[in-house]
Every structure is written in structure tokens, then in C-alpha cells.
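**Student:** Heads up: the protein sequence lines correspond to chains L and B, in order. With this note's numbering, letter number 96 in the first sequence gets 96, and the count goes up by one each step, no holes. With this note's numbering, letter number 322 in the second sequence gets 322, and the count goes up by one each step, no holes.
Take the hints with a grain of salt, since some may be wrong.
Unchecked claim - Listed next, the in silico DSSO-like pairs over lysine-lysine satisfying Cα-Cα at most 27 Å (straight line):
no., chain 1, residue 1, chain 2, residue 2
1, B, K311, B, K543
2, B, K311, B, K224
3, B, K277, B, K470
4, L, K64, B, K234
5, B, K242, L, K64
6, B, K277, L, K97
7, B, K470, B, K234
8, B, K206, L, K64
9, B, K224, B, K234
10, B, K224, B, K206
11, B, K224, B, K470
12, B, K206, B, K311
13, B, K224, L, K64
14, B, K311, B, K234
15, B, K543, B, K242
These are computed hints drawn from the structure, not numbers from a lab.
So the chains spell out like this:
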Amino acid sequence: MSTESNERAALGDPVYDRLHATPEFTELRHRYRSFVFPATVAFLAWYGLFVVMSMWAGGFMGTKVVGNINIALIFGLLQFVTTFALAWVYARYSNAKLDPLARSLDEQYAAGRNDGGQV
Amino acid sequence: MQGHQILTTGLFLSVVALTVGITIWASRNSSGAADHYAGGRNFSGFQNGLAIGGDYMSAASFLGISGAIALSGYDGFLYSIGFLVAWLVALLLVAEVLRNSGRYTMADQLAYRMRQRPVRTAAATSTVVVSIFYLLAQMVGAGALVALLLGVTSEGIKNLTIFFVGALMIFYVTVGGMKGTTWVQIVKAVLLMAGSALIVVLVLAKFGFNLSDLLGTAAANSGKGGAFLEPGLKYGVSTTSKIDFISLGLALVLGTAGLPHILIRFYTTPTSRDARKSVLWAIGLIGTFYLFTLVLGFGAAALLDTDAYAKVAASGGNLASPLLAEAVGGGPGSTGGAVLLAVISAVAFATILAVVAGLTLTSSVSVAHDLYNSVWKRGTASEAQELRVSRYAAAGIGLIAILLAIPAQKLNIAFLVALAFAVAASANLPSIIYNMFWRRFNTRGAVWSIYGGLISSVGLVIFSPIVSGKGIDAVTGKNLSLLPTSIDISWFPLENPGIVSIPLAFFLGWLGTVTSNEPEAEARYNELEVRALTGAGAEVAVKH
Chain L
1 MSTESNERAA LGDPVYDRLH ATPEFTELRH RYRSFVFPAT VAFLAWYGLF
51 VVMSMWAGGF MGTKVVGNIN IALIFGLLQF VTTFALAWVY ARYSNAKLDP
101 LARSLDEQYA AGRNDGGQV
Chain B
1 MQGHQILTTG LFLSVVALTV GITIWASRNS SGAADHYAGG RNFSGFQNGL
51 AIGGDYMSAA SFLGISGAIA LSGYDGFLYS IGFLVAWLVA LLLVAEVLRN
101 SGRYTMADQL AYRMRQRPVR TAAATSTVVV SIFYLLAQMV GAGALVALLL
151 GVTSEGIKNL TIFFVGALMI FYVTVGGMKG TTWVQIVKAV LLMAGSALIV
201 VLVLAKFGFN LSDLLGTAAA NSGKGGAFLE PGLKYGVSTT SKIDFISLGL
251 ALVLGTAGLP HILIRFYTTP TSRDARKSVL WAIGLIGTFY LFTLVLGFGA
301 AALLDTDAYA KVAASGGNLA SPLLAEAVGG GPGSTGGAVL LAVISAVAFA
351 TILAVVAGLT LTSSVSVAHD LYNSVWKRGT ASEAQELRVS RYAAAGIGLI
401 AILLAIPAQK LNIAFLVALA FAVAASANLP SIIYNMFWRR FNTRGAVWSI
451 YGGLISSVGL VIFSPIVSGK GIDAVTGKNL SLLPTSIDIS WFPLENPGIV
501 SIPLAFFLGW LGTVTSNEPE AEARYNELEV RALTGAGAEV AVKH
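Same shape as in the complex, but just chain L (with noise of 0.2 Å):
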């Protein structure tokens, strides 16, 4: 063995290549990929938009709705209203769409170990 390889933390279970060859592994994989870079994408699309035309459309930002509220406000504003909901839809999705996939491979992991290593 090399030093190289003596240094790396030490070398886990082959039950994690297992689990990770598993149809549910990759459907988990699958669901939680097809959700967080669209929406990573999308927030911080969103928010680039807001720092630029915060610097570049300063005419339409400063244009008011009411009283002394202007758009630049109601923009600023609407990205907490954008962030708290995506914290709440990714919460909802991964209660109902993550979570049992990870609890039921996190069993198996567990009972793999007990079983010698067998999944």
C-alpha cells in the first residue's frame, strides 16, 4: 500500500459501492439533482438580474408605485419573499420526496454492516 493511500481517512465499507449501484441510490441521486441545480440556476439568476438592473436600469428601478415606494423596493423585497419560498418548497420536497429514500438506504446500510457486509 502506498503512503498515499495511508494517509487518506480510513478506507470505508465496501457496502457504500453497493448501496451506491442500487436503483434506489440512483433514483435519490436523480430526485435531489433534478431539483436543487434548476433551482440554484433559477435564485441566482434571479438575484443577478436584481444587482444588475439595480446598476444599469437605475431609471426603471427608481420609477415610484406609491407614495415614495418605488420599484427598486418592491424588487429588493421580492427577493425575500423568493427566498423564503424556495426554502419552504425544498423543505416540502425533500419531506416527502428525499427523505423515505434516504431513511430506507440508511436501513440497509445498517443492516448490511450486521449481516457481515451483505446488502
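Based on these hints, arrange chain B on the given structure of chain L.
**Tutor:** Just chain B now, kept in the frame of chain L:
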């Protein structure tokens, strides 16, 4: 000493006594590394959510952002928005994954599949640098606050305060560990929310709860008219300053999920599901608080008289919230004003103490666990030895922060913290993301990305107008840069390095990876991924 100063001093001492009491209480049922580093992983999602809020809503938020809004109007609001939206990165991509795959430090997740010594050295270095930047900001806030309350302008007193805060934070961390620190943060979060809610209600009441009136008065009173409510007052003056704004925005939104003292908070919950819940609580709490800062900042612009507003300007904005509290309480000289000023200042002081404790803990744990035990002792140090080193490290880091805080006192705190965010987003976030989502990622990629991001972000700040070359303020006659005006080493035009250093760190992470081959790191990706997404084999809570 006048009556209100006795009151203020009394409240300050109560805050100190309360936090010291909590620390000693927590130290009684704390034993071993999992307790000292991760609070035994026994905090519920709600408790940890409060503690995250207490760790995150620093003097930068309470004093810095409201000050930035009071002085620059709408442009200061970007800080609030960036600091909040950033939590989505932490929620979606980092919190649960990190909880499942690490133990005590940010480096654990990388060391899981890479060569430990180089990645731990790199991650510990960046942890310490980011934390020291962040600490500076808090201590500058403490100095400004105490000087205001005691009515002194003496540099000696400010420096003494900075020393005192430094000594306290070393005490919290060495005695209370993560348990003590977490409880201090929970108490502080409650105090901060209650204190700022009170001021917000009082400010809004002055305008009959009409936000539009508040904004109109703020705009008129600021002397800048309608432009005060629109973006661009501070950053819209030239293309360079507009790009600076983009750079700041980028650093804010990507920095949170790379802040080591926030990352290690996820380890204090029993499972990744609790870590997720804690982030949801934190988002609710922090979002509400940043809505408060809007009222505090515009309220300060609207309600402070010329005299007080000049004081706010001279402090870089840092004194806006305390002076606003005094104004809504009845103004200087009134009992109500003195009481509210004292209460809000004590809350700000508690805020600072909780955050410095979190920062010092994080960096001392990283020094002890990553550098001392894993790198230097190659994992052979006993737990007792490691804990002892973490206590020495806390003292050392506290001392460095004290010494650096003294020259940094004229900078706006939110601005200083934004620099810490830029360093965190550059040095830490790329390797955390790559490690989780890219099988091919390896040791060289991680090391290049961390050091590249760290060196480029800190280096660009050194050659930016913050450090030298900004010249003399035409109005106040003060030197705007840190170095004397005779020295000018600036060539980088932006004040925030994020727009260059963050993409550079991502690029270096990719380049380092594709120019090296490390089959072991790829082979262990399966294990990391299963563990991160399912929690199978993750660290469990300590049972007492």
C-alpha cells in the same frame, strides 16, 4: 460618571455576566472532542437555527448594514438581500451534505476522499484567515460602541475595549467549547430580535406605520432627495464602482456557504434532517431581521438630527442603530433615550461577543483537529492533547485579531465582513461544491482552488484602494485608505475582489484536477456520495 453611563455600564456588565455564567454552566457537562467541537451533536433544529442566527447576524448586520443604509440609502440594502439569498446556497447544496460527510471541521469533507495532509493544511489555513477577517470586523464594532457609550474619543479606551473583548472570547471558547458558544448564540439571537423589533416598532410608530412617509422623510433628511431611495447613490457613480457592486453582490451570495464558523454549526445537530430544519429556521429569523435593518437604516436617516447624523457618518455608519435608539427614546439627555441607547448597545455588545466566540472556536478547532493532529501528528495525538492545542490556538488567534483590529477601526463593519465573505467564497466554496458534485475532483484541484482563491482574494485587497491610494476625503480631511497617503501600492481598482477571485478559484480547481490523476479520490466518491445523501454511517449524537 453620569447616570446614563452607570446604567449602560451596568447593562454591559450584565451581558458579560450572563454569557460568562452560561459558559461555566455549559462547561460542567461537556467532555471530550464531540462535545467541545460539536456540542455533542444534540441541538435540535430549532435550537441550532437560533444559534445559526446568533452566529450569523453579527455586528456587521446590526451596526454595519443599518449604517450603510443610513448613509448610502438603497445601496446599503444590497447587503441585506445578498446576506439572505446566500442561505439558499447553504440550504440546497451544503448543509445536509456536510453534516453527513464530516465530523468537526470544513476540511473533513475534503479529507474524506483526498490526501489528508495537503487538503487539511489548505482548508485550515483558509479557515483561520477568513475567521480573522471576520473577527476584525466584530472587534472594530466593539471599540466604536464602547467609545460612544462612555463618551470618549480616546484611542486608548477603544483599544482597551478591543483587548477586553478578545480576552472574553478566549474565555468562552477555552472554557465553554461548542456547547457554551451555542447557548451564548441562542441567547444573543433572542436578545437581538427582541431589541431590534422594539426599535422598529418605535420608529414605525413615529410615522403612523406608514412606510412611504418614513422613506420620504429619510430621503429629505439625508439631503440627497429621491436618489437616496434609488440604487446607485454609492456605487452608481462610475463603471468601476458599478462593477465593484457586482463584485460585492457575488461575494455576498456565494460567501455564506463557505464561512467556516457557519459550516461547523451544521455538525451540532443529530441528523442531516435536523441540519436542514435549522437552516429553515435560520432563514426565517435572518430574513425577518434584515427586514428590520431596512427600517433601522432609513429610520436613522429620517430621525437623527444633523449632529447625530454627522456622528454616524464619522463612524463609517457603525453607530446608526444605537443613536437611532437614543433618538426614538426621546433624544440625547432624556431618560428614555439613555435607557434605549443602553439597551441597544448592550444587545449589540452581546451580538459581538457571540459572534467572536463562534469564530474563535471554529478556527481553534481547525488548527487543533486539522493541523496539529492530522497533519503534524498524523492522527496519533490523543483527544486530550488535541483539546489542549485547541485552547492554545484560541488564545493565539484571539491575540492576532486584537492586534489587527486596532488599525482597522475606521472601516465600515459591513464592508469588512464583505471582504471576509469574498475570501470565503473564493477559497472555500469551490472545493466544497466540486467535492460533492464532481467525481473527478482530486487533491491537486482542491489545494489549487483553496490557495488560489485565498491568495488572490487577500492579495487583491492589499493592492486595492482600501489599503492605499484613495487619498484624502475632501470634506473631513481624513485619509480614506489604511496606509499613510505617502504610500500608494494600489493597482486593483475594485474594493471587493470577488468578481476576479471567485471565478479564478473555480477555474484553478478545474485546472488542478484535470492536470493530475488520482484514482483513489475517484474511487471513494461513491462512498462520499452515498453517505452525504443518505446519512448512512454519519457521525451520531453523543449520549450522556
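**Student:** Return the numbers of the hints above that this structure violates; sort them in rising order.
**Tutor:** The structure breaks hints 1, 3 and 15; every other hint is satisfied.
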